[in-house]
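Protein chains in written order, with the working numbering: chain A, 1 to 333; chain B, 1001 to 1333.
Please note: incorrect hints may appear among the correct ones.
Stated by the list, open to error - Just so you have them, the derived chain B footprint on chain A, three or more residues with Cβ under 8 Å:
no.: 1; region: 72-79
no.: 2; region: 84-90
no.: 3; region: 248-254
no.: 4; region: 276-285
If you're looking for bench data, these hints aren't it; they were derived computationally from the structure.
Just so you know, even glycine gets a beta-carbon here, dropped at the ideal spot from N, CA and C.
If you want the building blocks of each chain, they are given just below.
There are 2 protein chains.
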Amino acid sequence: MKQDRPKISDVARIAGVSTATVSRVISNPGMVSEDTRATVQAAIAETGYRLNHAARNLRHQRTGGIVALVPNLSNPFFAQILSGIASVLVPAGYNLLVADTHSAGAEMLLDYAEPSRADGLIVLDGALPAAGLSGRVPVVQACEWVPGLLAPRVKIDNAAAAALAVAHLADLGHRRIGHVAGPRGNVLSEARFKGTVEALRARGLPCPDQADYAADFSLEAGRAAADRWLAADTATRPTALSFASDAMACGFIGEVQRHGLVVPRDVSVVGFDDIELIAHISPPLTTIRQPRAALGRLAAERLLARLRGENDPGDDMLLPVELVIRASTAPLV
Amino acid sequence: MKQDRPKISDVARIAGVSTATVSRVISNPGMVSEDTRATVQAAIAETGYRLNHAARNLRHQRTGGIVALVPNLSNPFFAQILSGIASVLVPAGYNLLVADTHSAGAEMLLDYAEPSRADGLIVLDGALPAAGLSGRVPVVQACEWVPGLLAPRVKIDNAAAAALAVAHLADLGHRRIGHVAGPRGNVLSEARFKGTVEALRARGLPCPDQADYAADFSLEAGRAAADRWLAADTATRPTALSFASDAMACGFIGEVQRHGLVVPRDVSVVGFDDIELIAHISPPLTTIRQPRAALGRLAAERLLARLRGENDPGDDMLLPVELVIRASTAPLV
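Go ahead and model the full structure; you've got the sequences and the hints to work with.
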């Protein structure tokens, strides 16, 4: 049932304009007068013309799409990473598509690793099954990583970052320092908890046998952690807490404030991520800044290099983090 | 070059387990022991087995994917809408893929409207060209809408919502009420500005000839609006401002506070959206709450109905909004 595809010249002829004008209507409609736009759009509809992007991809045996697998799109942490990824992929001629692995079934997710669906994957979810991701399209991992998956990782040193939070709180005189981890088994939760414990031990401070694991990294999980902390013995509970995400720290602060306590007078709080709004909450949150846009950009560049067939040594790429001191932490009184 | 595809029974035989166990390793690996998981994953790798999701889609002549076209993924406003969309599509057997239209070129975006790429589209960006989206796969529009595109719309009444903000500020005694719009030409910016002007006129209050348009809906755009407001004559500048997004309101508050002013004593501020963290900023933001998850869910349900071939009357579906009064607004003193 092959039939000739309408060409851009067919559209131009019917609309009575140049092919350059048709091209402009498609790619930059704001630069064309409303009348011309309407005429060209009618001609596009009449001819059934469509862009030859898919045809070009077919010639090059590629889909033109890169899929990013993100654990939870409702976590604002991922927005800037995705912007960083797009800022590299799009100029290189790739579409970036994002899938929320949290809401999709594993069967569906593995479809993305099919060469007919995507040219490459950027994995931001460490809970995906390694077997389904191996040996199909090129994969790069960013932030999180799948244990056992042989694919380059672009990440931060999570344990060292968690140790920065402990050092800051210990320097303020806190001796009972707690940690609210993300979900149990998550690679980030475990690495940050491990870094916290090691830093506490190195300073001779008491450290919890196991982390106060949260259900997820959300505001709601922080509220629940606050309820546990509020119910604990005031003589022995932590006077300072580090959190594995800003959203949890923020939920914790909101809940303890609702009970009439004051941060940092009654408890010091350190977050993790430095999401955009966190400087505006009350009190502005002390946190660990991750270079999110750079994490995205470097992961995308590494994937492009693999797609060009360049050799990747496969080693971890570790990006630096920074402690940002704001007003949610104070000396122990 | 046809060759027999490995089956799930091949994997089960090699791993020495039942097909049910293989299935569990794929769909719910947490329920399987680590040893079994490793054995099955090795067998999957050995056979090259892959799930028959794509084959099933091929039989049904569908891709199994729905693409959501979002103007700016770094705006946290979209996260909950996308969660709402996924909560409907995924149980129905569809993948949800998200594309950031802000970063991609128009040529690439129109590819998504090809039946070979997606079974349907949810359009959340009113700046896309109608011609490229028409007459291919089923389309539903959510929140924003493309003028001239004949596709069902699930949205709020933006003008009425903006009027709620004006009514609240006027009831507090403010007479000089300003409005910071989103980007010029954006359907939401224009509708909210129009609603603001109409509400001011109806109350006999002075209203601006044209909106104070921002570059986008971002925190940074709010900061820039604050700089314009700070530079204006204190005797005539607004004593209260409504904003077309929470992020802009938040950027505005941060900037005026940095200049030593106090919100709401020196200026009352109303946002728009009710994004999650906004209750935690200082002062907590008075805003217009959009039913974001419901907007996403209803758009997805409407798209599914179209995919099932059900008739859609094509009328706009308008969801209710709510004024949430917090501490960023106060009576005029």
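Status of the hints after comparison with the structure:
1. 72-79: This one holds; 5 residues, not fewer than the three required, reach chain B with a Cβ under 8 Å.
2. 84-90: Coverage by chain B holds for the region 84-90 of chain A (3 residues, Cβ < 8 Å).
3. 248-254: Since three or more residues must qualify, the claim that chain B covers the region 248-254 of chain A holds, with 3 doing so at under 8 Å.
4. 276-285: With 8 residues closer than 8 Å to chain B, the region 276-285 of chain A meets the three-residue bar; holds.
When the structure is compared with the earlier hints, no violation turns up for any of them.
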